[in-house]
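Protein chains in written order, with our numbering: chain A, 1 to 308; chain B, 1001 to 1423.
The set of hints was computed from the structure by calculation and includes no laboratory data.
Bear in mind the structure is a predicted one, so any value in this text is a computation, not a measurement.
Mixed in with the good hints, there may be bad ones.
Derived list of chain A stretches under chain B, where covered just means 3 residues or more per stretch with a C-beta under 8 Å from a C-beta of chain B [as the list claims (entries may be wrong)]:
# : segment
1 : 108–114
2 : 295–301
Derived coverage of chain B by chain A (criterion: at least 3 residues anywhere in the stretch with Cβ under 8 Å from a Cβ of chain A; other residues may be distant) [claimed, not checked]:
# : segment
3 : 1192–1200
4 : 1373–1386
DEER-style ranges, computed between Cβ atoms [said to hold, decoys possible]:
#  : chain 1 : residue 1 : chain 2 : residue 2 : range
5  : B       : R1216     : A       : F216      : 36 to 44 Å
6  : B       : G1068     : A       : S57       : 21 to 29 Å
7  : B       : R1248     : A       : D198      : 48 to 56 Å
8  : B       : G1145     : A       : G14       : 36 to 44 Å
9  : A       : I305      : B       : L1208     : 27 to 35 Å
10 : B       : R1248     : A       : N243      : 29 to 37 Å
11 : A       : S237      : B       : K1131     : 53 to 61 Å
12 : B       : A1284     : A       : G46       : 49 to 57 Å
13 : A       : S193      : B       : S1170     : 15 to 23 Å
14 : B       : R1251     : A       : G183      : 52 to 60 Å
15 : B       : R1269     : A       : Q150      : 44 to 52 Å
Positions of the beta carbon are idealized from the N, C-alpha and C atoms, including for glycine.
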Amino acid sequence: MPSLSIPHLLGLHGVPKPDLELILDSTDTFLEILDRPIKKVPTLQGKTVVNLFFENSTRTRISFELAERRLSADVVNFSASTSSVKKGETLLDTARNIEAMKVDIVVMRHSAAGSVKFLSERCTSSFLNAGDGAHEHPTQALLDMVTIRQKTGSLGGLNVCIIGDIAHSRVARSNIYGLLTMGANVAVCGPASMIPYDLERLGVRVFTDIDSALDFSDVINVLRIQLERDAGANFPSLREYHNTFGITRRRLDALGKDMIVLHPGPINRGVEIESEVADGPYSVILPQVTNGVAIRMAVLYLIGIRAE
Amino acid sequence: MASHLFQNARIVDPVTQTDTQKDILVVDGVIERIAESISAPDAETVDLRGKIIAPGFCDMHVHFREPGHEHKEDIASGAAAAAAGGFTAVACMPNTDPTIDNASVAGFIYQKGRGLAVDVYPIGAITKGRKGESIAPMIELRDAGVVGFSDDGSPVHNTKVLRTALEYASMLDLPLIQHAEDPFLFAGGAMNESVVSTELGLPTIPRLSEDAIVQRDILFTEYVGGCYHLAHMSTVGAAESVRNAKARGLRVTSEVAPHHFTLTDDVVRSYDSNVKMNPPLRTADDVRAMKEALRDGTADAIATDHAPHAGFEKEVEFVYAPFGIVGLETAVGLAVTELLLEDWLTLPQLIEKLSTNPRRILRLPELRIAEGEKANLTFLDLEVQWVVNAGAFRSKSRNTPFHGRSLTGRPLGIYNNGQLFLA
């Protein structure tokens, strides 16, 4: 039985290809379970999983929770919208208190980059990163890769472009690392003010012209524009963003080629993506959501058996 | 009558251009005799064969946290760390609570430092409350004994305030010490902007934020005819600006912290908050530029920016952790290992950066190792190999990225104010 070489899933940076392949391959098994009338298996029976969410999340938490329950784990949810630092207790205090209640796996989201790694080095549980600041969101990238692979059969040699606010995106980073390891050609496209410094040195092509980016791409992953944060700070207006970088049916049809369109959700209709694209034939947005549960089952299972 | 005989040491004094092996007899804090072989049966004898005696080292940039944050450090513990680190003098930055922006707080620093082997000098704030809005009473502060002015921790950003401060301080022959950083470019940053920050997704403090302010400040210094010292220089661009300013004959000086000539931002991949400081660790190009600046005199001084924080304050998410590391007890070891043994500096140059130059910038009395002079001495072992153990620090705080690092060369102790301290 193959197993992961990594004790935690903190990110996809530096994760060896065989580990990524194992996760992606295992996902097929769990997808099959999700098609059964009874969608529950006893894999993690007797294991306790804590969903430790220091940042608001609906979909990722529900996706993890479904995955945990379908593996028969005991699930505890801990949500704190603000950093524990502000309450006087440190993050480490919080984690050690929860760990003292004897948990096996911690699924963690936090607004601060590196905070999951920080706790994983100071606690004994296994940690899964459910998003840490602008650093990584590895299960999102894994579900993106599974979804692409279902359409194309493989990731090697594919041209994948991530479009949007790359600088602040953990989804972009995890996709970049995972896709590069799997042999894809990775590009990004967005306003120059939203491309992080020296990104090319990670082995990524950078476009600021959407049509050139689409011309390059077999697959595009359209990131959500953070309405509250970005408009005015990093680009002038949503209107200008949509006109310049928005993914429209017209732009895609004009290419005269197949295209796979991903979006990590939730989508801003009419901003980064047009409804006709989101709901149309290019889109794999809903399969992404289904695959999200399966990939999280796969990761929980593989990390869970490794901890035994 | 207390007397000490330091035997067989190699005496290296850049001021008198001395480099010789002799004995030094010190009586009641004053150098009584320097000779080949002194016999003083009543004196406490310290055999320093193979070791160095240098003029006392001065760290012109420390944070001793008193008054206000004594759980991190206080003047007594900071001075103990300084002595253990080979320093006989330190200059305390005014970001205390209350701020050193009036004579009574400056006097408090002197009062707390009284009777110690280490001379503890206050630096006065440039602006009231370090708010950057209106200048502090610099003459009152000068009369209370401050050795310079700085809002360190924050820049003086407002151009009118900067101009006024440079003009006003120019009456006093004391340096204006700038924490050079553009607050808008800094906005919430936690590390240098580079391919590493891109990889890690951490908010950045670009080199541009230092470069732009240094360029601007030098223009102001030239226009006003002021005296400007750049604190904790960290970038290629800042070094180039200072080099040009010196070539034009401006009264501009600078200091470099040991971590900025030792570490690059690659180590931030650990997300260990003990590598978080401001200015942040930069790139390999910047590290090299700091060494070159020290070698060619662009950088006048090595200063630690000793910034103690309690463990519970540092053991948090990287972006929430406070900036700064302790530096007093590793500075000399790092300077010897990284600069002397790597041939960036000669021993007399190293001593200038750690003693002569910082004292000159702060207008402290020049030290000479000569008969009749006050004995203000640092003892060094340039050959001993040791491993940094943060647990053994005299400082109240342990926030160092150098724990476990192997170094060559360390201070053996100091003699100052009639007191001998041996580590």
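To see whether the hints hold, each was checked on the structure:
no. : hint                           : in the structure
1   : 108–114                        : holds (count 4)
2   : 295–301                        : violated (count 0)
3   : 1192–1200                      : holds (count 7)
4   : 1373–1386                      : violated (count 0)
5   : R1216(B) - F216(A): 36 to 44 Å : 42 Å, holds
6   : G1068(B) - S57(A): 21 to 29 Å  : 39 Å, violated
7   : R1248(B) - D198(A): 48 to 56 Å : 33 Å, violated
8   : G1145(B) - G14(A): 36 to 44 Å  : 54 Å, violated
9   : I305(A) - L1208(B): 27 to 35 Å : 49 Å, violated
10  : R1248(B) - N243(A): 29 to 37 Å : 49 Å, violated
11  : S237(A) - K1131(B): 53 to 61 Å : 35 Å, violated
12  : A1284(B) - G46(A): 49 to 57 Å  : 50 Å, holds
13  : S193(A) - S1170(B): 15 to 23 Å : 41 Å, violated
14  : R1251(B) - G183(A): 52 to 60 Å : 59 Å, holds
15  : R1269(B) - Q150(A): 44 to 52 Å : 33 Å, violated
Hint check: violations occur at hints 2, 4, 6, 7, 8, 9, 10, 11, 13 and 15; the rest are consistent with the structure.
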